[in-house]
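Novice: Based on the sequences and whatever the hints tell you, model everything.
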Amino acid sequence: MRQGFRQSMAWLHTWSGLVVGWVLFAIFVTGTASYYRTEISRWMRPELTAATADPARSADMAAAYLKRQMPDAAGWYVELPRPETPLIEVHWWKSLEGPFHNALLDPATGAPSTARATKGGDFLYRFHFELGMPPTVGRWIVGLCALVLLVSLMSGIVTHRRIFADFFTFRRGARTTQRRWLDAHNVVGVLALPFHLMIVYTGLVTLAPMLMPWGLVAAYRAEAPRFYVEAGLMADMRAPAGRPGTLAPLGPMVAQAIARQGEAPEAFAVYNPGDAAATAVATFEEPHGLAHQHPQITFDGETGAILGTAGMAPTRAASTTSTVMVGIHEAHFAGSALRLLFVLCGVMGAATVGTGLVLWGVARAPKGAEPAGLGLRLVRILNLGTIAGLPLGIAAFFLANRLLPPDLPARADWEIRIFFGAWALAALAGALRPQDRAWREGLGLAALAYLAVPLVGLATVGRSPVPAFDIAMVAVALLFGCAAYKAGRSPLGARAARPAQDLSGEEALRA
Amino acid sequence: MNPVVLGLNLALCFSGLAALALSLDRHHRDAFLRRVPPGRARSLRAAGWAGIGLSLAAAIALEGWNFGPVQWIGALTGGALLVVAFLSYRPGWLRPAALAALPLALLALPLALKG
Amino acid sequence: MGARQERWSGPAYRFGVAGRVVLASLGSYVVASLLTALLSLTLPLVRSEAVTAATLLSFLVITLLALYVFAARSLGRAALTLGLVGLALAAALWLAGGFSAPGPAA
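Residue numbers (this note's numbering), protein chains in the order written: chain A, 7 to 517; chain B, 13 to 127; chain C, 10 to 115.
Among the hints, erroneous ones may be present.
One-sided excerpt, in silico: chain A residues whose CB lies under 10 Å from chain B [unchecked claim]:
hint	residue
1	Thr-55
2	Phe-135
3	Phe-176
4	Val-194
5	Leu-199
6	Tyr-207
7	Leu-239
8	Met-243
9	Thr-327
10	Ala-340
11	Ala-343
12	Leu-350
Stretches of chain A that chain C covers, calculated by requiring three or more beta carbons in the stretch to come under 8 Å of a beta carbon on chain C [unchecked claim]:
hint	region
13	150-159
14	260-274
The calculated label-pair distances, taken between Cβ atoms and stated as ranges, are [to be verified]:
hint	chain 1	residue 1	chain 2	residue 2	range
15	A	Glu-90	C	Leu-73	55 to 63 Å
16	C	Ala-101	A	Asn-108	29 to 37 Å
17	C	Leu-73	B	Ala-62	49 to 57 Å
18	A	Ile-477	B	Ala-69	48 to 56 Å
19	A	Leu-346	C	Ala-101	30 to 38 Å
Source of the hints: derived by calculation from the structure; they are not laboratory data.
Backbone N, C-alpha and C fix where the C-beta goes; we use that ideal spot for every residue, glycine too.
Specialist: Quick look at the structure:
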């Protein structure tokens, strides 16, 4: 939008980053937390005791429960218990448009679990790509923000002229506040650039069927499911026969699946369970590898005979590329050490967005005693409300999990209400306080809240079900404590006394 | 997916990137309070790229073609972050730390091969 | 409306920015969609592979088109380029049978 290619790209980087920055920050933070989705869920259900459950028996118990709930469903989906998740999770639906129902069953009794009701880590995981909105709306917004981030990353690379010369440069003692923030933005942005590019592109690929369905539509018209079958990703489904049938017991099918594959399936689905042409599908954990590709065995629901398999043979080049992209995004393959590096990169992603947002404000701070304009004030409020407010909301979510009475009606929803409520309150309080104090208080409050999580856990349920989670909470608390201390020592407002010379945002970016 | 291999990668990447950073005038001045002599810059740069290359080779040799590169890129980011942290807070410690990382990598190698 | 006339503020500048935002989002998406559909029908690969390859590529196409829209000398020029490319792709897609009624299952 300005003269010259680099100037246009600097302009684009500045403004595209700003408009989606707050959403991106939330996506990065909740996405990073999702690397530990299972551990978070486990921590949030302290009543569970580690137990090995028989998968075949679990499947039968799930079927008995689902038959009572919705015998004529379009589909049942049963997540079988695993050592780290000793629960049977069942889902059922009448139509693919929803609503989707779900319940947790105790694998010992087959009755609904008595563990406290919570969405657990799944809430943060779904927030990562649905933002707590209706799925389609949320995913479109996240998809659009991801596209804008891709544009912003590419224009940022073009803008950053001395990307290699400044590779390691973080001038803590730089003359201007703006220069320090710019260095910080560059360091976290550039050092984790391979991760940033990878995570946004592979993230788009996970949403591709919704964001870019036109290739599929052009080539397959109305028979889209054929695509997944031909790509070798999904088993061929039978159309319902239209007359009622009797579903064979699931237990023997699970036993057959175990005999054939040498391991228990992680999930067992039944499509059209009340129909004569019911199809059951056993889905196994991804084999060791980067690709996100689950082996499957399909069964005739009436006879229990094996119909076929999918996802077992190697796929062709493009399909493999696509499944590897999704696999790398989810990082299920990563062991604990590598996962920690992914988390570090995720934090750097959030930091890149956060420093970029703050930099926008710092670069436009009025000189001397001039009052800040409306736009700047709004950006500052949103910055504080997101960067300190969202983490505070997540801490409140964890605290609510320990403090709400276990038998409260709609308990899982209350946890989520408290998450949004705490976030909104933090943002509102930050908006009413003077800038510098608001940062120190917001970050300090977040530090205290995270510190409180393990303590409240100790006081309410005793020994933590996941000690590593508590250690992580203390680490996060320390991080926010440091940030609060820094914000107290060199407040953002210091630039009023030490004005950002004569650099405008874009010029600073180009410098 | 072996944490020892990741440690080995991290150590090699850190040493290599530290050498690359010290081959630049600005950072050499931070660490040694003088500009980098031209001959020194060349050898540092060579050592740096060798360390990074060695790390990639080790990652692929020990983790295979699919996990190796992923792990290597992760280690590069982690190593670079360490270098920046040293340069910002304790520039004088960068060279000893980078040198200390090399025997660590060497020690990790037999463990990684066994694991 | 050339870049030389685009001011740093004022209605003309604002119109230019708004126009580019609309063109970069909707225009890029439409052109990338046409290209994805065309490649899905014409790439010399198995049907599912052509669709997957074209879809994987589409996000890069959108991004590059959006960057072009903001780098172009003027809004009119960007709109003209995207329009012509889009028309050419649409014509090719029509020739490839992309707009005809659903035929028998291939």
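Novice: Are the hints correct? Go through all of them and say.
Specialist: These are the hints, each one checked on the structure:
For A/Thr-55, the interface hint is violated, the least distance from its beta-carbon to any beta-carbon of chain B being 28 Å, above 10 Å. Given hint, A/Phe-135 at the interface with chain B, is violated; its Cβ is 22 Å from that chain's nearest Cβ, farther than 10 Å. Using the Cβ-Cβ criterion of 10 Å, the hint placing A/Phe-176 at the interface with chain B is satisfied: the shortest such distance is roughly 5 Å. The criterion of a C-beta within 10 Å of any C-beta in chain B is met by A/Val-194, whose closest approach is roughly 8 Å, and the hint holds.
Because the closest C-beta pair between A/Leu-199 and chain B is about 9 Å apart, less than 10 Å, the hint holds. Interface restraint check for A/Tyr-207: the shortest CB-CB distance to chain B comes to about 14 Å, outside 10 Å, so the restraint is violated. For the restraint placing A/Leu-239 at the interface with chain B, the shortest Cβ-Cβ distance is roughly 19 Å, beyond the 10 Å limit, so the hint is violated. The interface hint given for A/Met-243 is violated, since its Cβ lies 31 Å from the closest Cβ of chain B, which is over the 10 Å cut-off.
Interface restraint check for A/Thr-327: the shortest CB-CB distance to chain B comes to about 12 Å, outside 10 Å, so the restraint is violated. With 10 Å as the threshold, the beta carbon of A/Ala-340 comes within range of chain B, its nearest partner Cβ sitting at about 7 Å, so the hint holds. The beta carbon of A/Ala-343 is positioned within 10 Å of a beta carbon in chain B (closest approach about 4 Å), and the interface hint is therefore held. Below 10 Å, beta-carbon pairs count as interface contacts, and A/Leu-350 has one with chain B at about 6 Å; its hint therefore holds.
Using a Cβ-Cβ cut-off of 8 Å, 4 residues of the region 150-159 of chain A lie near chain C, which meets the minimum of three, so the contact claim holds. Figure legend: the region 260-274 of chain A, annotated as covered by chain C; annotation inconsistent (0 residues with Cβ-Cβ distances under 8 Å, at least 3 required). Between A/Glu-90 and C/Leu-73 the C-beta distance comes to about 43 Å, which lies outside the given range of 55 to 63 Å. A beta carbon spacing of about 46 Å between C/Ala-101 and A/Asn-108 contradicts the range 29 to 37 Å that was offered as a hint.
Our hint of 49 to 57 Å for C/Leu-73 and B/Ala-62 is violated, since their Cβ atoms are close to 36 Å apart. For the pair A/Ile-477 and B/Ala-69, the beta carbons lie near 34 Å from each other, so the given range of 48 to 56 Å is not met. Here the CB-CB span from A/Leu-346 to C/Ala-101 is close to 49 Å, at odds with the stated 30 to 38 Å.
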